[in-house]
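Asks: Sequence:
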Amino acid sequence: MAGSRQSVQLTEVEIEEFLASQMKVQVATVGPDGAPHLTTLFYVLDEGKIVFWTYGSSQKVRNLRRDPRVTCLVEDGVDYFELRGVSITGKARLVEDYDEIKGIGSRVMARMAGGADLGELGEDLVSKQAHKRVGIVIEPDKVASWDHRKLGALPGQG
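Just so we're aligned: 32 in my numbering is position 21 of the sequence shown, and the numbers increase by one with no gaps anywhere.
Careful: at least some of the hints might be erroneous.
[Stated by the list, open to error] Heads up, simulated DSSO-like pairs for lysine-lysine below, C-alpha to C-alpha not over 27 Å straight-line: (1) 102 <-> 35; (2) 60 <-> 139; (3) 35 <-> 161.
In short, the hints are calculated from the structure, not lab data.
When you get a sec, could you build the whole thing from the sequences and use the hints?
Replies: What follows is the structure in structure tokens.
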């Protein structure tokens, strides 16, 4: 099985390209009762790391203040032979400097808008939102990846 698992792993370059091509990440934090708390957010890459912003009063931020452990999943595909993804386990670093939060927010909003210039109205919106938000940088400890497009057939079918 090890050969099979290795055959679908993404290279570092493929991981970077895949993460750059996607927009949404599923983020799991540890809830107060120890259960996973799962949310989906829009993100950007910063030096290969997943970065996003969210409301400072959100459950995920409360969870991360208590326990910075996090798992992130970015995935794509519908059919079995199209499935690909990257799972990142690590620690979340909270960004609380207003200018840094505003920068993260501007990049996320621009990415959500397909790279369009959001103009003065968009800048005003980001500026107002940044006071209520926290930036989060995912510091990876472990990365797992898969790309079933690399498979020629179902296991056991040759």
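Asks: Hint by hint, which ones does the structure fall short of?
Replies: Of the numbered hints given earlier, the structure breaks none, since each of them holds.
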